[in-house]
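Once you have looked at the hints, place chain B on chain A.
There are 2 protein chains.
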Amino acid sequence: MTILIPPAASVGQPAGAIDTPALVLDLDVFERNLARMQQAADRAGVKLRPHAKAHKTPAIALAQIARGAVGICCQKVSEAVPFVRAGVTDIHISNEIAGPAKAALLAQLALRARMSVCVDDARQVAELAAAAARAGSTIGVLVEIDIGQGRCGVADAPAALHLVQAIRAHGQLAFRGLQAYHGGLQHVRGAAERARAVAAAGARTAAVVAALAEAGVACETVTGGGSGSAEFDLAGGVYTELQPGSYVFMDGDYGSNEYGGALCFEYSLFVASTVMSVAAAHGAAPRVVVDAGLKSLAVDSGLPLAWGAQGRSATLDYVAANDEHGIVEPRAGATAAALPALGSQMLLVPGHCDPTLNLYDEIVGIRGQAVASLWPVAARGLSR
Amino acid sequence: MTILIPPAASVGQPAGAIDTPALVLDLDVFERNLARMQQAADRAGVKLRPHAKAHKTPAIALAQIARGAVGICCQKVSEAVPFVRAGVTDIHISNEIAGPAKAALLAQLALRARMSVCVDDARQVAELAAAAARAGSTIGVLVEIDIGQGRCGVADAPAALHLVQAIRAHGQLAFRGLQAYHGGLQHVRGAAERARAVAAAGARTAAVVAALAEAGVACETVTGGGSGSAEFDLAGGVYTELQPGSYVFMDGDYGSNEYGGALCFEYSLFVASTVMSVAAAHGAAPRVVVDAGLKSLAVDSGLPLAWGAQGRSATLDYVAANDEHGIVEPRAGATAAALPALGSQMLLVPGHCDPTLNLYDEIVGIRGQAVASLWPVAARGLSR
Chain A
1 MTILIPPAAS VGQPAGAIDT PALVLDLDVF ERNLARMQQA ADRAGVKLRP HAKAHKTPAI
61 ALAQIARGAV GICCQKVSEA VPFVRAGVTD IHISNEIAGP AKAALLAQLA LRARMSVCVD
121 DARQVAELAA AAARAGSTIG VLVEIDIGQG RCGVADAPAA LHLVQAIRAH GQLAFRGLQA
181 YHGGLQHVRG AAERARAVAA AGARTAAVVA ALAEAGVACE TVTGGGSGSA EFDLAGGVYT
241 ELQPGSYVFM DGDYGSNEYG GALCFEYSLF VASTVMSVAA AHGAAPRVVV DAGLKSLAVD
301 SGLPLAWGAQ GRSATLDYVA ANDEHGIVEP RAGATAAALP ALGSQMLLVP GHCDPTLNLY
361 DEIVGIRGQA VASLWPVAAR GLSR
Chain B
385 MTILIPPAAS VGQPAGAIDT PALVLDLDVF ERNLARMQQA ADRAGVKLRP HAKAHKTPAI
445 ALAQIARGAV GICCQKVSEA VPFVRAGVTD IHISNEIAGP AKAALLAQLA LRARMSVCVD
505 DARQVAELAA AAARAGSTIG VLVEIDIGQG RCGVADAPAA LHLVQAIRAH GQLAFRGLQA
565 YHGGLQHVRG AAERARAVAA AGARTAAVVA ALAEAGVACE TVTGGGSGSA EFDLAGGVYT
625 ELQPGSYVFM DGDYGSNEYG GALCFEYSLF VASTVMSVAA AHGAAPRVVV DAGLKSLAVD
685 SGLPLAWGAQ GRSATLDYVA ANDEHGIVEP RAGATAAALP ALGSQMLLVP GHCDPTLNLY
745 DEIVGIRGQA VASLWPVAAR GLSR
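From first to last, the protein sequence lines stand for chains A and B.
Following our numbering from start to finish, the first sequence increments by one per residue and tops out at 384.
Following our numbering from start to finish, the second sequence increments by one per residue and tops out at 768.
Next comes chain A alone, as it looks inside the complex (with noise of 0.2 Å):
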């Protein structure tokens, strides 16, 4: 007899009723954010690519493309691979590999579906050509600037243009123009401050551009941009396609920062967590114990927030994380009498959902208070 685990949720079960800590989609709320980032792209008339090291979920993946995305971007080749299984035809691999066994794989994707990649020197383009010749696909290429970010990308035009020479003289690279990324960019807290830091950064993208044409290379595609600065990306003028993540889910961090016009997104993700223990509320300061820490979400970007029936909680604070333990407090004013009982759920907003989503593997998406579906994050882990 073989011990199976049972789900954390089937299909039709009040959300109450979720074996915890599980990932929990509320689905309303998705497919507001979803229609939200489509509509503002389809106003500008820049393509939208978004993210899909965010969800790493083929279903959430397909939803957005039925909107009107063009495909989607992977950070690693590996990541691609379950969403090439699902029937996603267009993928962008945001990011410089190293290696042969990840040009490899890129090339037999290739075979199945329309594959770019970054590069940032020239060896990766001679990587990315025995590869692609040894597999018989093409592989589309993009050079990646550096817009101020300081970790991948060309500093300027001419080291692009030698990029572009070095990727023209293989028959089997497609040159498809530029990445232009800056992550900080996205957490610039002030709207008027981050609207001032993206246009210097859309500055030095559309100086390379214009460079490149002078030279006689026209950029098919200008590739970049995230959930925080998407407003100020559109309206820039200077990207063919946006590349944005978390405003599937919104981040607890991107709470903090403030938005001054329509677009906006909404908390979609939770963990939910049950109490587990109220027996420190008894002699020592108020608090209770969750089920759900470290191994059940990334406090890289800060703690998760306590969620209650109507928004943020306004009176608890989870406070700290262990391996599997989260303490929850009363906020400052209010009392013991606040937190919730033993064996209650709770709801936690992550404070990064990337990573997050990265520990799971499957979210249980909720329509009002039932459970209506139960997705694979099939490329969980894929980080090769």
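Hints are computed from structural coordinates only; laboratory data are not their basis.
These numbers were taken from a predicted model, which means no experiment stands behind them.
We put the CB at the ideal spot given by N, CA and C, even for glycine.
Just so you know, not all the hints are guaranteed correct.
[As the list claims (entries may be wrong)] Computed footprint of chain A on chain B; a stretch qualifies when at least three of its residues, placed anywhere within it, have a C-beta under 8 Å from a C-beta of chain A:
#1 465-474
#2 669-682
#3 704-712
[Stated by the list, open to error] Between beta-carbon pairs, the in silico distance windows are:
#4 B:Ala721 <-> A:Arg367: 54 to 60 Å
#5 B:Arg715 <-> A:Arg134: 39 to 45 Å
#6 B:Gly727 <-> A:Ala211: 27 to 33 Å
Relative to chain A, chain B alone:
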């Protein structure tokens, strides 16, 4: 044609050819760590029940048991399932559990293995008793006492005695003793300070044991302790059984502890990464980008240590982690010449091994410079 992701490594391959990011275990060091802890426990006459939440890997649990461990701890009920499947016959869930689904699974496991769990509330006792009665199994129960961490556990001997009486009222629950654990003690840096803190916590435990004895309740088991405090826990004479987990690997963070005595452990676990971009090295501040970030390394206890052929790198630091990128810079005093080349492999010591293990499905074991084993991390993601 299904596209398959090639394995990260195969047995017999050179370690330098492992596809990255990958979790790499130095088997010689690992075996020395296992032997050292078991010998120390044997010398002290204390049972060793290593914590499997650290490794989530049945092959490692079986190696610990083969060397003399009496069984293992798990932190969640679902986490125990792959270990029972692999033939581990004695598992303590070192935590309270909430909800009938978890109690039912535990009661099922208790038909196959000697299982125990912690309580700190009479309602948990009632739930366990109901589940054991339904399954027709016997569940061992330990009362958790708070010895200063302020997380789970009852505050004092009268509260513990009340729970012992509740447990004894149920024929299918077996009272087994006390759990007394204080996670904060593991990371007190100075050896003398740590010894004093462990002694104070031990005195609280001993007082509860004595008060129960006076009331006619013998504690067959007093379990707790961890890798950072093991030396003092073993010498203290309070614990009958120790639960260390991290000694198998040693976290980067534990390296900041001062170890006075003989019981030191070595780093055995690494994340293998590859340099994927060196573009920024020309012009900007010197640095390279490796392909292991937040999705390949837990950073809650600090960034990983860069590792060289002679141990911790004397010239390089991993200074920032993004989702799938790590930034590596020369340490103050070193120059750009110290930076590794594009495509070269770089080993990193994770700051916190437990949540890092929870990101991978496989451990690549190496002996010398060759791949010697591939072990499934079968309990990865099992946090319910």
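Find the hints from earlier in the document that the structure breaks and name them by number, from lowest to highest. none
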